[in-house]
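**Q** Here is how the chains run, residue by residue.
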Amino acid sequence: MGRFWSLLFLMVPVLGTAVMVAPMVYQTGMLAGHWLPEDISAYNGHIVDSLFYLILGLTGAIFIATGLVLFAFMWKYDAAKNDEAVKYTHGNHVLEVVWSILPAGTLLFIAIFQMDAWANSKMRRPTLPGPDGVIGTSDDIPKPPMALVTGRQFEWRIQYPGEDGVLQTPDDIYTVNELHVPVGEEVVLQIEAEDVLHSFFLPNLRIKQDVVPGMRQFIWFKPIKTGTYDIVCAELCGWGHYKMRGRLVVDTPAQYKQWLVDTFLEQETTTVRPKEAEE
Amino acid sequence: MSDIPLGTTAPVAVGHAKPSMGVGEFLSTYVFSRDHKVIGIQFLFSTLLWFLVGGLLALGIRWQLAWPWSNMPIIGRMLFSAQGGQISPEFYTMLFTMHATVMIFFVIIPILAGAFGNFLIPLMIGADDMAFPTLNMLSYWFMWPAFICIGLSFFAPGNGAAAGWTSYAPLSAIPEAAPSSGMAQTLWLLGITFVGVSSMMGSVNYLTTIIQMRAPGMTMFRLPLTIWGMFITAILQAFALPVLTAAGFMLLLDRTIGTGFFLPEMATANNAAPTSGGGQPLLWQHLFWFYSHPAVYIMILPAMGMVSDMISCFARKPIFGYKPMVYSMSGIAGLGFIVWGHHMFVSGMNPALGMTFMVSTMMIALPSAVKTFNWLGTLWGGKIHYTTPMLFSIAFVSMFVIGGLSGIFMAATPVDQMIHDTYYIVAHFHYVLFGGTAMGVFGAIYFWFPKMFGRMMNDSWGKVHFFLTFIFLNGTFFTMHVLGAVGFPRRLADPYHYLTFAQLQPINQFMTISAIGMVTSQIIFAINFFYSMFYGPRVGRNPWHANSLEWMAPSPPGHGNFDFQPVVYRGPYEYGSPETDDDYYPQTQPPPEDREASSDEGDH
Ligand code: HEM
Ligand SMILES: [Cu+2]
Ligand SMILES: [Cu+2]
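These protein sequence lines are chains A and B, in that order.
For what it's worth, our numbering labels the leading residue of the first sequence as 1, then goes sequentially.
For what it's worth, our numbering labels the leading residue of the second sequence as 1, then goes sequentially.
It cannot be assumed that every hint is accurate.
Claimed, not checked - Calculated cross-link-like contacts (lysine-lysine; reagent style DSBU-like; alpha-carbon spacing at most 35 Å):
1. B/Lys323 x A/Lys76
2. B/Lys323 x A/Lys143
3. A/Lys76 x A/Lys225
4. B/Lys323 x A/Lys225
5. A/Lys243 x A/Lys222
6. A/Lys87 x A/Lys76
7. B/Lys463 x A/Lys222
8. A/Lys143 x A/Lys87
9. A/Lys222 x A/Lys257
10. B/Lys323 x A/Lys222
11. A/Lys143 x A/Lys76
12. B/Lys323 x B/Lys463
13. A/Lys257 x A/Lys225
14. A/Lys143 x A/Lys81
15. A/Lys81 x B/Lys463
16. A/Lys257 x A/Lys243
17. A/Lys225 x A/Lys243
Claimed, not checked - Partner residues are not named here, just some residues of chain B that face chain A (Cβ under 10 Å, in silico):
18. Leu138
19. Trp141
20. Pro175
21. Leu253
22. Ile257
23. Gly258
24. Phe261
25. Pro264
26. Ser328
27. Gly381
28. Thr413
29. His497
30. Pro537
31. Arg538
Just so you know, these hints were derived from the structure itself, not from any lab.
Ideal placement from N, C-alpha and C gives every residue a C-beta, glycine not left out.
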């Protein structure tokens, strides 16, 4: 039976690799949409994905290597087949050192390698030139948010500052669950929560940020493809969590301007604003 | 099994089963017993029963993900007659909350520390019982208020707590926030607190016992790795639990008397009256994970120890790198206290702090790697006997590799931004907890069953059980990695109305069918377990020809465990030693006279 069990364990690296590689290579037919979703970001998605692939390569190699070694030992040292005496040993100092240092170095490399990506994605908010008119100098100001997104059970309330560029003024534009942004522009959003935790997740831009009541946070991204994409709530927020779906609509700049105008007009002519309409 | 013949004759040793027994005596022997072995077996039965409950809850989750909003066959009408036999969204949130709660707090933690810790610690160190037998008994009986609280929670409004096993505030702090955030959540908190009290009593006892009551000659570095696992786990419990207990009380106060530890100013949800607040929802996450990250190691270190013992025994070879094994377990435990923030990378915590947690998390994968290499090293050049416990132990190693490696993706902060709160995480912890710990526990049950009950479990049926569980386990959990890569979120009652996830239903149906197969296969285990308890072949003291002390005691051991004073001459892994003709060399066997001087050779 030793043979049988060895082969069973051989299936782990074989089938495991197949299941991970197949959808990566063949993204059609039954496997369509079973891998990283389409990336529509200017940079963030690419960085996240290549880091994902780097780690997949490194861990995949370890996964396959340990799986094959396990199989080989199980096959070779089966008590029913192996007549050699047991290798009476308590370990090997050099081996221990080698197999500690190699993974330690690799892990440290991954750790340091990714820091910049993380800082770009969460710490370096895009800026506008300050009074001196030059970007990249010390008087740069943080880019103001294009919209305020507020999560509440179970919808995303979206508020644009309108003509004056200032939130909480009479010309603000309100929508629910539908966020329009222009393509090719660096978008900054202010995200908040009204009641419990939610998480603002844009799979196609590889962006995720929990929103926390009492905290004001900012996220930024740059979409480079027009179309309609998902806004997913990724943090449990109650019984209706599953239906808290928003749409991210990436417009051409002209469409976007027009949409803002249309929405504002519509809002002025209907008495009921979405804010009161829901629930 | 050819050269490890099972013991055939039954030794005396049926210690406490006397022919006639009054009610009082029965109660003190089997119910309110202070004997560590009885307490261990009580824990084992209770946790296995909860294992069944947790498994059924999981099937409910899987049903909804495969065929959302469709009528559940057979039991659907009974459970949800109001919705025409289909799961409601609030019921779904309850299902995954209670599934995780039951599995973590009522199965994995108490089966490792409570069942195996209790049963094995005194036996393996050569003591007659725990240091504090009464405290030990209380640690079991304090599980009952916990069982009752969680049991009642199912009947409170909302049918059970539903804020996730992590119970993040404010959802868990504002009673009006969800149908089940009221009484059900309060009962959940009380239940968890009682589990904490029980674990705390256990860990104080284990630490004292291991430090104080080892048999003569049993130095720390002659302890089996099982005991090291239990010892380090007890340290983790002792230092991390108070934080969870305090956090639990704070949340209870937020909910009941209007403090605002975890609520910002004017916090409200679902039209509840605003609270005074003044606190921070993230504080709960910090406190919760300060316990619950070490807890994930509490949920695996004892299993790592037990698996090491089984692998060495069935490879008939000393464990490879005993001391590196001990050091890496200690390393995991030490680092385990400074990585909790990896659960909070995208929570709103300062991203710079996230970066430091990222580095420490990367480093914690290192001792895990070292342990894996040493297990492989143990198999190398051995004579492997493919018994049921060995197969489960090898499965532990193979599955733990997958779970450990997927951890590295999540430790990488930018990648975690994509896969946090998706099925990638679900894949990760099921590979370490089910593929790892549960496999280790099954192996341990088959391995120590003869010591517990004096009878053998059926090995062939054990292998059938292993084979089916192993296949279905991978069928259920492996594809979750693929789902995670798509961003498929966890905890969603119906993810298929999203554009990105609509196409993922067939793969979920495959996983559900595997899960049903996995739960069904456990029937084989249950029958084997109960049948063997009464009708299995009787065995002698040492059916596996193992070295550690518990195998020198009668099977099952009577009160006081040993019928002689064990004296320890060497470590527990002297298989294939040239010093003796047998292929094993029990810890208590005196060395040949002329070699006395070099008797502790096995220590390095
Ligand atoms: C190789 C070392 C490991 C690393 C690097 C690692 C890393 C991580 C990270 C970064 C997360 C958070 C992911 C997220 O929520 O975005 C996580 C979650 C988790 N890990 Fe691990 N892990 C390791 C080993 C383990 C082990 C041994 C266990 C249990 C025995 C475990 C159990 C869990 C659980 C239960 C969660 C999810 C909790 C939840 O959100 O519900 N991990 N791990
Ligand atoms: Cu939500
Ligand atoms: Cu953790």
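**Q** So, for every hint listed, does it hold in this structure?
**A** Consistency of the hints with the structure:
no.: 1; hint: B/Lys323 x A/Lys76; verdict: 27 Å, holds
no.: 2; hint: B/Lys323 x A/Lys143; verdict: 55 Å, violated
no.: 3; hint: A/Lys76 x A/Lys225; verdict: 55 Å, violated
no.: 4; hint: B/Lys323 x A/Lys225; verdict: 56 Å, violated
no.: 5; hint: A/Lys243 x A/Lys222; verdict: 26 Å, holds
no.: 6; hint: A/Lys87 x A/Lys76; verdict: 13 Å, holds
no.: 7; hint: B/Lys463 x A/Lys222; verdict: 55 Å, violated
no.: 8; hint: A/Lys143 x A/Lys87; verdict: 67 Å, violated
no.: 9; hint: A/Lys222 x A/Lys257; verdict: 17 Å, holds
no.: 10; hint: B/Lys323 x A/Lys222; verdict: 52 Å, violated
no.: 11; hint: A/Lys143 x A/Lys76; verdict: 64 Å, violated
no.: 12; hint: B/Lys323 x B/Lys463; verdict: 32 Å, holds
no.: 13; hint: A/Lys257 x A/Lys225; verdict: 17 Å, holds
no.: 14; hint: A/Lys143 x A/Lys81; verdict: 71 Å, violated
no.: 15; hint: A/Lys81 x B/Lys463; verdict: 20 Å, holds
no.: 16; hint: A/Lys257 x A/Lys243; verdict: 29 Å, holds
no.: 17; hint: A/Lys225 x A/Lys243; verdict: 26 Å, holds
no.: 18; hint: Leu138; verdict: 35 Å, violated
no.: 19; hint: Trp141; verdict: 33 Å, violated
no.: 20; hint: Pro175; verdict: 12 Å, violated
no.: 21; hint: Leu253; verdict: 18 Å, violated
no.: 22; hint: Ile257; verdict: 20 Å, violated
no.: 23; hint: Gly258; verdict: 17 Å, violated
no.: 24; hint: Phe261; verdict: 13 Å, violated
no.: 25; hint: Pro264; verdict: 3 Å, holds
no.: 26; hint: Ser328; verdict: 9 Å, holds
no.: 27; hint: Gly381; verdict: 3 Å, holds
no.: 28; hint: Thr413; verdict: 4 Å, holds
no.: 29; hint: His497; verdict: 7 Å, holds
no.: 30; hint: Pro537; verdict: 20 Å, violated
no.: 31; hint: Arg538; verdict: 25 Å, violated
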